[in-house]
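Colleague: Dock chains B and C against chain A, hints included.
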Amino acid sequence: MNDASTILEINNLKTYFYTDKGVVPAVDDISIKVKKGQIIGIVGESGCGKSMTSLSIMQLIAPPGKIAGGEILFQNKNLVGISKAEMRSLRGNELSMIFQEPMTSLNPVYPVGKQVAETLLLHNKHMKKAEAKQKVIEMFKMVGIPEPEERYRVFPHQLSGGLRQRVMIAMALICRSKLLIADEPTTALDVTIEAQILKLMKNLQEEIDTSIIMITHNLGIVAEMCDYVYVMYAGKIMEQADVYELFDHPKHPYTEGLLKSIPRSNVQQNKEKGLYSIKGMVPNMLNLPKGCRFHPRCIYAEDACREVEPDLVDVGEGHLVRCIKYKN
Amino acid sequence: MNIAKNMLFKKEIIEPSDELVKETFWQDVFKSLRKDRMAMAGGTIIALFILVAIFAPYLAPYNPYEVSLDLQFQKPSMEYWLGTDMFGRDVLSRIIYGSRISLLIGIVPSLITMLIGIIFGIIAGYFGRKTDFIIMTVSDMVLSFPSLLLAMVVMYTLGASLLNIFIALSIVGWAGTARVVRAQTLSLKNKEFVESARAIGVKPSIIMIRHILPNCIPQLLVLFTLEIPGSILSEASLSFLGVGAQPPASSWGLMVSNGKEFLFNAPWVAISPGIAILVIVLAFNFLGDGLRDALDPYLKQ
Amino acid sequence: MHKIQELGGDDVNRVLMKVRNVKTYFPVEKGMFRKKSAMVHAVDDISFDIYEGETLAIVGESGCGKSTLGRTLLRLLDATEGEAYFEDQNIFELTSKELRQLRKQMQIIFQDPFASLNPRMKVTDIIGEPLVTHESMNKKEKDERVAELMEVVGLRKTYGNRYPHMFSGGQRQRIGIARALALNPKFVVCDEPVSALDVSIQSQIINLLQKLQEQKQLTYLFISHDLNVVRYFSDRIGVMFVGKIMELGPTNEVYDHPLHPYTKFLVAAAPVPDPHERSKEKLILEGEIPSPINPPSGCRFHTRCPYVQDRCKSQEPELKQIEGRMVACHYPLV
Chain A
1 MNDASTILEI NNLKTYFYTD KGVVPAVDDI SIKVKKGQII GIVGESGCGK
51 SMTSLSIMQL IAPPGKIAGG EILFQNKNLV GISKAEMRSL RGNELSMIFQ
101 EPMTSLNPVY PVGKQVAETL LLHNKHMKKA EAKQKVIEMF KMVGIPEPEE
151 RYRVFPHQLS GGLRQRVMIA MALICRSKLL IADEPTTALD VTIEAQILKL
201 MKNLQEEIDT SIIMITHNLG IVAEMCDYVY VMYAGKIMEQ ADVYELFDHP
251 KHPYTEGLLK SIPRSNVQQN KEKGLYSIKG MVPNMLNLPK GCRFHPRCIY
301 AEDACREVEP DLVDVGEGHL VRCIKYKN
Chain B
329 MNIAKNMLFK KEIIEPSDEL VKETFWQDVF KSLRKDRMAM AGGTIIALFI
379 LVAIFAPYLA PYNPYEVSLD LQFQKPSMEY WLGTDMFGRD VLSRIIYGSR
429 ISLLIGIVPS LITMLIGIIF GIIAGYFGRK TDFIIMTVSD MVLSFPSLLL
479 AMVVMYTLGA SLLNIFIALS IVGWAGTARV VRAQTLSLKN KEFVESARAI
529 GVKPSIIMIR HILPNCIPQL LVLFTLEIPG SILSEASLSF LGVGAQPPAS
579 SWGLMVSNGK EFLFNAPWVA ISPGIAILVI VLAFNFLGDG LRDALDPYLK
629 Q
Chain C
630 MHKIQELGGD DVNRVLMKVR NVKTYFPVEK GMFRKKSAMV HAVDDISFDI
680 YEGETLAIVG ESGCGKSTLG RTLLRLLDAT EGEAYFEDQN IFELTSKELR
730 QLRKQMQIIF QDPFASLNPR MKVTDIIGEP LVTHESMNKK EKDERVAELM
780 EVVGLRKTYG NRYPHMFSGG QRQRIGIARA LALNPKFVVC DEPVSALDVS
830 IQSQIINLLQ KLQEQKQLTY LFISHDLNVV RYFSDRIGVM FVGKIMELGP
880 TNEVYDHPLH PYTKFLVAAA PVPDPHERSK EKLILEGEIP SPINPPSGCR
930 FHTRCPYVQD RCKSQEPELK QIEGRMVACH YPLV
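Protein chains in written order, with my numbering: chain A, 1 to 328; chain B, 329 to 629; chain C, 630 to 963.
Just chain A, same shape as in the assembly (with noise of 0.2 Å):
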């Protein structure tokens, strides 16, 4: 089943939140792959399930939640279970994180340049003060950051939010991980860094081979840089499939009805009949629906579809779906 160039492989995880008022099912039996120099998009909406995806990943679930089965494959040493040490060795060296604020994941009492080098320092413990802050340099070069020596020595909130996402990716990519999990990067940024920003990430991923898992709400990212695209829903994988093969012909009524419901600004567009959208909204995590989780807002929906939660099925070349109306 795993060959040398997988590098994640996520087989049935569960990630559960035992809350007071019930269980959560965040994440509820999924299974991603993601291959060497690949880059893994996961989309869906706010409550999908997407970020806990790749907390757990980063075995970062704090409680009430918690993994309650499956495994998390990195490079074939299962994460679930493994110790805080190791786990410790592992982010920020092989496996590192980039989020959508980067304020929050940056000291605001310490220089940038001085916490990227520590990153570097903590997984390399041989190397020399002077030689890391080096590399720091070098690396903030690489990712567009301009007068690097200068902005070694300056704080987070001296930084705008595009220079501080990169200083992220800085840090992120510092010491060569074998897997970045980015979530949500640009959401907090504007167009035209967004752009810098995404181009820079899928530079940096030629250059250094590393595997990116993209989580995003943002169809357009995911159109513009992911090879393989995971839509998820209410904590399951909906549809999974190459990125044209999705675009091209979505097959889950909800992935055509996402695609659908984007107004585009590359054409002009007819506004006299509206913009196509899906009907309801999200269910409650906590009372999902019987059957399929989206047949209540699935214009296609039948009897059936409200009484078995469909599998999710092959329909060839890579391209699995979940719903009733495909089979084998």
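Simulated from the structure, these hints should not be mistaken for laboratory data. Heads up, the beta-carbon is just placed ideally off N, CA and C, and yes, glycines get one too. Incorrect hints may have been included.
[Unchecked claim] Derived DMTMM-like pairs (lysine to aspartate or glutamate); straight-line CA-CA distance at most 25 Å:
no., chain 1, residue 1, chain 2, residue 2
1, C, LYS909, A, GLU245
2, B, LYS531, C, GLU681
3, B, LYS517, C, GLU821
4, A, LYS260, C, GLU906
5, A, LYS135, A, GLU245
6, A, LYS21, B, ASP364
7, A, LYS114, A, GLU149
8, A, LYS271, C, GLU882
9, A, LYS271, C, ASP772
10, A, LYS33, C, ASP903
11, A, LYS271, C, GLU821
12, C, LYS652, C, GLU681
[Stated by the list, open to error] If you want a taste of the chain A side facing chain C, the calculated C-beta under 10 Å gives, among others:
no., residue
13, MET142
14, GLY144
15, GLU147
16, LEU163
17, THR192
18, LEU219
19, TYR244
20, LEU246
21, ILE262
22, PRO263
23, ASN266
24, GLN268
25, GLY274
26, GLY280
27, MET281
[Unchecked claim] Computed far set for chain A versus chain C, every beta-carbon distance over 10 Å:
no., residue
28, GLY70
29, VAL109
30, ARG153
31, GLN196
32, LYS279
33, PRO296
34, VAL308
35, ASP314
Modeller: Below, chains B and C alone, put in the same frame as chain A:
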């Protein structure tokens, strides 16, 4: 595939999220408060304390003011549970009656403090600029005095009486409340719902009462529960220093003060009311901390 | 339907709002004595007209002053200079009593559906507040009107006695819209009304706004950073950069043939939800957005502009009419 056309004019009714939180704000707060053992213990003690204060005449075994010199300094016994003081008065009965003064001293100045603090704090925060500058300068001046010293000065000037204790503690206390309310108002003032009320044309006075004040209540509640033990302690300190409640009133602070001379011969005279103060202050602090935790998600909002 | 063909002397469409040389500056307060050391030039000399029944979008990146502009036109913020006429009344000169009357005509819909509703008020009271403030209605009349409004925006009227936290983001946005429409305004500022919503809810709210515009002949000033939504929703678009309008014209023309270099790069930067588009070489604007405290000399865009010339660094271009739109550039991309 058949796509529903013309979504725009289809009549749509959005089903409300029945499943979403149904509890009101206070139900939710009470629910998490009930799980906090320390807070519940505090609450229970406070409830008992209030009951004791109300039913003091029925609970006290003896008349707390009755002097009988042949019963001086009786040790705690079955007859006198907490012993008697230098005038032969029953310490337990005096503590029970003393709870009335402590409760009064705890609540009345705190209420006055709150009221003054709220009014000045909201006005300073909402109008800003000069109004803010003047109110906050005065409050800074009040806060920069050692509060006990300031209260003592007021008591010396006005003379010792219950009413004057209220006045003294209110003069000292309002500034802290005003600071908290002002800070809260400043952050609420820029919230979009306040802007929305301005956009509608709601008058400033109504915005303050309808939109800002109700959203300060969680903070005020915490502040209030923590203000009460502060007042009780201040009264105790004032009485201890002789400018608070006057004999023969049975204030706990006064009892400690009177008992201090006999601390070695008859320690119960001072220690029992001391413990009473300690317990009630702790109880209020536990409840206040519990409330703060229970309200925390709302405070952070 | 409303179609705005040309700017300026258009006889078909009545001008609802005339904005002339509006400036909104904020002092940057620093130090012990709050010395006003610098000014944020949030809105810096802006003029345009808003026609009745149209949707004029204002787009731009953070700090460009688009939200400040919207709030200045509603006098939620005080303008430093300039004039803004709403049906021949200069908004900036009204007394507070006159202003309160005018507020019935102009309303605002906010971005954040969680911050824009008072969490301590029931939905009926939130939607009913404008009615209580301006109309002498008895409780029954008010309740009827609120129920009617809830139905218009697609909310079940039996849920009027619930608090905002019991609703989802999309529903809260509907409550906000009902509140804004309670007094039948003519002009509505929509400040990023769908930015905080999920994709599937976004289109529901856009459709609702469009339906209401057609039913009630509303005029929208649609402030947004989302270039996809703006292209779909607006009739005309104004592109702002650090306090200034760079280009203003009919939406489709501006998108398809931008005349200002900034517009060109801004439109190109928006990720397109189509993987086949990625083969195209993407135009990427280098550098950072300049600070509105010390905007660059000359053309504000010159520090990032790939077509920059010497003249751009010293001389500020005026907003001029070119090919039926307004462009502030010395060397427009004709």
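Colleague: Give a verdict on every hint.
Modeller: Evaluated hints:
{"no.": "1", "hint": "LYS909(C) to GLU245(A)", "in the structure": "19 Å, holds"}
{"no.": "2", "hint": "LYS531(B) to GLU681(C)", "in the structure": "29 Å, violated"}
{"no.": "3", "hint": "LYS517(B) to GLU821(C)", "in the structure": "20 Å, holds"}
{"no.": "4", "hint": "LYS260(A) to GLU906(C)", "in the structure": "17 Å, holds"}
{"no.": "5", "hint": "LYS135(A) to GLU245(A)", "in the structure": "41 Å, violated"}
{"no.": "6", "hint": "LYS21(A) to ASP364(B)", "in the structure": "17 Å, holds"}
{"no.": "7", "hint": "LYS114(A) to GLU149(A)", "in the structure": "12 Å, holds"}
{"no.": "8", "hint": "LYS271(A) to GLU882(C)", "in the structure": "16 Å, holds"}
{"no.": "9", "hint": "LYS271(A) to ASP772(C)", "in the structure": "34 Å, violated"}
{"no.": "10", "hint": "LYS33(A) to ASP903(C)", "in the structure": "23 Å, holds"}
{"no.": "11", "hint": "LYS271(A) to GLU821(C)", "in the structure": "19 Å, holds"}
{"no.": "12", "hint": "LYS652(C) to GLU681(C)", "in the structure": "24 Å, holds"}
{"no.": "13", "hint": "MET142", "in the structure": "16 Å, violated"}
{"no.": "14", "hint": "GLY144", "in the structure": "9 Å, holds"}
{"no.": "15", "hint": "GLU147", "in the structure": "12 Å, violated"}
{"no.": "16", "hint": "LEU163", "in the structure": "7 Å, holds"}
{"no.": "17", "hint": "THR192", "in the structure": "4 Å, holds"}
{"no.": "18", "hint": "LEU219", "in the structure": "4 Å, holds"}
{"no.": "19", "hint": "TYR244", "in the structure": "5 Å, holds"}
{"no.": "20", "hint": "LEU246", "in the structure": "8 Å, holds"}
{"no.": "21", "hint": "ILE262", "in the structure": "6 Å, holds"}
{"no.": "22", "hint": "PRO263", "in the structure": "3 Å, holds"}
{"no.": "23", "hint": "ASN266", "in the structure": "5 Å, holds"}
{"no.": "24", "hint": "GLN268", "in the structure": "5 Å, holds"}
{"no.": "25", "hint": "GLY274", "in the structure": "5 Å, holds"}
{"no.": "26", "hint": "GLY280", "in the structure": "9 Å, holds"}
{"no.": "27", "hint": "MET281", "in the structure": "5 Å, holds"}
{"no.": "28", "hint": "GLY70", "in the structure": "26 Å, holds"}
{"no.": "29", "hint": "VAL109", "in the structure": "21 Å, holds"}
{"no.": "30", "hint": "ARG153", "in the structure": "19 Å, holds"}
{"no.": "31", "hint": "GLN196", "in the structure": "6 Å, violated"}
{"no.": "32", "hint": "LYS279", "in the structure": "8 Å, violated"}
{"no.": "33", "hint": "PRO296", "in the structure": "13 Å, holds"}
{"no.": "34", "hint": "VAL308", "in the structure": "24 Å, holds"}
{"no.": "35", "hint": "ASP314", "in the structure": "21 Å, holds"}
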